[in-house]
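Each protein sequence line maps, in turn, to chains Z and R.
If you count by the working numbering, then the first sequence holds residues 1 to 504, one letter each, in order.
If you count by the working numbering, then the second sequence holds residues 1001 to 1269, one letter each, in order.
Honestly, the hints are just simulated from the structure, not real lab data.
Among the hints, a few may not be true.
To be verified - Listing some non-contacts, in silico: residues in chain Z with all C-beta distances to chain R over 10 Å:
1. Phe4
2. Lys102
3. Leu167
4. Ala171
5. Lys249
6. Thr252
7. Lys289
8. Ile340
9. Leu378
10. Gly445
11. Arg460
Unchecked claim - So the derived label-pair ranges between C-beta atoms look like this:
12. R:Gly1184 <-> Z:Ala8: 35 to 41 Å
13. R:Gly1184 <-> Z:Thr188: 41 to 47 Å
14. Z:Arg296 <-> R:His1230: 48 to 54 Å
15. R:Phe1031 <-> Z:Ala141: 30 to 36 Å
Keep in mind the model is a prediction, meaning the values are calculated, not measured.
Just so you know, even glycine gets a beta-carbon here, dropped at the ideal spot from N, CA and C.
Each chain, letter by letter, is given below.
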Amino acid sequence: MDIFANLAHGFAVALTPINLLMCLIGALVGTLVGVLPGIGTIATVAMLLPITFGLPPVGALIMLAGIYYGAQYGGSTTSILVNIPGEATSVVTAIDGHQMAKQGRAGPALAIAAIGSFFAGCVATVLIALLGAPLTKLALAFGPAEYFSLMVLGLIFAVVLAKGSVLKAIAMIVFGLLLSMVGSDIETGASRMAFNIPELADGLGFATVAMGVFGFAEIIRNLDAGAEMNRDLVQQKITGLMPTRKDLKDSTPAILRGTVLGSILGILPGGGAVIASFAAYTLEKKLAKDPSRFGRGAIEGVAGPESANNAAAQTSFIPLLTLGIPPNAVMALMVGAMTIHGIVPGPQVMQKQPDLVWGMIASMWIGNLMLIIINLPLVGIWVRLLRVPYRLMFPSIVIFCAIGIYSVNNAPVDVILAGVFGLVGYWLIKHDFEPAPLLLGMVLGPLMEENLRRALLISRGDWSVFLTRPLSAVLLGVAAFLLVLTVLPALRAKRDEVFTESEN
Amino acid sequence: MAETMGHSATATRNTSVAIGFCLLAIAPQIFEFIWSIGTIFGWGTGRGPLQVVAGHTMALATSLQSFVLILSALPGAILGYLFSWPPGPTVKSTLSSDALLALIYSYPIFAVAILTLFMTIRSAQDYVGGIVLMALALFALWAGSDLQGMRGFSFGAGTAPRMFGGLLVALSAGIALTGLMTQGAAFAHYSWRGPLFVMAAILFFALAIRPLGVVVTAFVSFMIAATGSHETRWLEAAIVGACLTLGCAILFPYVLGLPMPMFPRFLIQ
Chain Z
1 MDIFANLAHG FAVALTPINL LMCLIGALVG TLVGVLPGIG TIATVAMLLP
51 ITFGLPPVGA LIMLAGIYYG AQYGGSTTSI LVNIPGEATS VVTAIDGHQM
101 AKQGRAGPAL AIAAIGSFFA GCVATVLIAL LGAPLTKLAL AFGPAEYFSL
151 MVLGLIFAVV LAKGSVLKAI AMIVFGLLLS MVGSDIETGA SRMAFNIPEL
201 ADGLGFATVA MGVFGFAEII RNLDAGAEMN RDLVQQKITG LMPTRKDLKD
251 STPAILRGTV LGSILGILPG GGAVIASFAA YTLEKKLAKD PSRFGRGAIE
301 GVAGPESANN AAAQTSFIPL LTLGIPPNAV MALMVGAMTI HGIVPGPQVM
351 QKQPDLVWGM IASMWIGNLM LIIINLPLVG IWVRLLRVPY RLMFPSIVIF
401 CAIGIYSVNN APVDVILAGV FGLVGYWLIK HDFEPAPLLL GMVLGPLMEE
451 NLRRALLISR GDWSVFLTRP LSAVLLGVAA FLLVLTVLPA LRAKRDEVFT
501 ESEN
Chain R
1001 MAETMGHSAT ATRNTSVAIG FCLLAIAPQI FEFIWSIGTI FGWGTGRGPL
1051 QVVAGHTMAL ATSLQSFVLI LSALPGAILG YLFSWPPGPT VKSTLSSDAL
1101 LALIYSYPIF AVAILTLFMT IRSAQDYVGG IVLMALALFA LWAGSDLQGM
1151 RGFSFGAGTA PRMFGGLLVA LSAGIALTGL MTQGAAFAHY SWRGPLFVMA
1201 AILFFALAIR PLGVVVTAFV SFMIAATGSH ETRWLEAAIV GACLTLGCAI
1251 LFPYVLGLPM PMFPRFLIQ
């Protein structure tokens, strides 16, 4: 079997002591930073990205994968213990996880999250190995029109599962698209909306905007009067780390369902881990004999979404490695890292750099293993870290973020821009706009424009090309169907049912 | 909210919202004016403050007429826009950048501000959110107005920005309408202390990192940011700030090998 030979090759690359060490350091540092409240996966990866610059390409990407999983797990630890979801994917985990922590069952919640993630990671790793090659062939059938339609579908996914108003979510995506237009035009080189500021000639940095809209905005909001209550720490001792037999029995089917759901949704660009975790929570709640337990500390409510988001996080490497499309914000950072090392993600990367691709796939599994090894014993330490009062925490986060942004380009202007986007993010929160679709729009903007231009150039200005090419028509059809489904009031009611709990 | 506050209270509220929009309408002009004051002292480049005031006043005054003309011919103009979008370069080149700013950005917002006076705002959160977003989109349309549009069937540099800008104007108008039609959340409470000091810390960091180095900058920024919370205890903050500074000074330049100055430039020389 070709696949297993490839996987074996991958493990041979990833299991060299130096790469193992990279993976361990990445996972450890990622967890350490990701566990800080207010710093989510995006900020962690953005901040730690410079660490990998000096390493050889394979080592750097393996370390980055470790950082990514570490950050993701760190994020769920924070949501369970202090109810501060550091990122969108752990919002759902916080609903039931924090309730469990309040009942003194933080140990089982954390353990189930780790076990679920590990299992989902194992399955998804095999899936990537199996589906990577066939999907590469599919990628070759994709012309500019199909790429464009695919990205529209991805953006619609972000709308469907964003909470609150659909109109606002779409507006945020378009705002993101507009922001991505700043800088030099790819084809003509004309400077667009840059106001002669040299630092804007390359466009707005993604890390700059992400750090501002998520990091700084979250800090400012937490400083609001009255927000103190939401930051209360679970001061109870965590007793009994391991889940009971009943916990395991309850959560096993949830983990299985979450893994399947997450693996499928992760492959779709744009949706990724966020949609997967929300969808898994909804599914668990629907299938449960007693849905009223959800929101009051049901272990399935932790197991399902956590497995789903990890599986999705893993399988979202598929569109990145094969189609070259970053399915979410973190993946976009990965593309940035790859480009720095001279690797252009896309269909060729599988053939040209097998060491890199298979080494990375194998390292994902090892990264997951590292996570479970690191995190189960270290939960006590993470809790102590979280006891640092917020009045000392937030200035430290500000400094770390500022240094992080400055170090990306050595540009002070970037730090100021991040500050401005912090204010924008604060304003967005106050007016109930969600920043996540904005970032997705910003990531996909240049790609969308490029493919739209190319498609119309090839079709000689004929807009119907998006509907006459079958694959593109199907993708657009699915997108339209999803949008209609979201706007329908019946589904709206169900969406609200899920999301009212996340408000509590 | 309307029930508890009565009619007159709602009216005053509307007036203040309208005044806010008027300020928003000339915000870019005000910003350029403040920026231009720096040129007196030789900072930065650009027009002097007098030129800025004169230029914008002229632009606002002269383009009012064209705005009214466009308004009176609005249905035709919309049709024209749809079929020859973006407007041909011949129209553009006759107007200065200041006049375009007045025409594309300021007057539409003024118009919205006047309309606001006669509206019943059911959800201030949505209405204001929509209008401010619309202002951003209009500003982007102005910022991209010098770019080339379609050339035959091939996109120019300005086509996509205008497309997205136009779309955002429509969507934000929809959000603002939602704020008028449906009952919703009122204006959110903003606090000033957190944003002010966190922004001050970020600004200080950006300005000081090059000349003053990591050690001084990180510590001072930490203390400025710490001022943003009323829970801060000074001695504790100073100790933690010092430790953090030490950690950063070791971590970033040495362990991670980032090129960063450590100490103030004047001390090294």
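Here's how the hints hold up against the structure:
1. Phe4: holds, 38 Å
2. Lys102: holds, 23 Å
3. Leu167: violated, 5 Å
4. Ala171: Violated: least Cβ distance 4 Å, not greater than 10 Å.
5. Lys249: Lys249 of chain Z clear of chain R: closest Cβ-Cβ about 43 Å, beyond 10 Å.
6. Thr252: holds, 42 Å
7. Lys289: holds, 36 Å
8. Ile340: Correct as stated: the minimum Cβ-Cβ distance to chain R is 14 Å, above 10 Å.
9. Leu378: holds, 20 Å
10. Gly445: violated, 8 Å
11. Arg460: violated, 6 Å
12. R:Gly1184 <-> Z:Ala8: 35 to 41 Å: Hint violated: Cβ distance 58 Å, outside 35 to 41 Å.
13. R:Gly1184 <-> Z:Thr188: 41 to 47 Å: holds, 43 Å
14. Z:Arg296 <-> R:His1230: 48 to 54 Å: Given a distance of about 34 Å, which is not inside 48 to 54 Å, the answer is violated.
15. R:Phe1031 <-> Z:Ala141: 30 to 36 Å: violated, 49 Å
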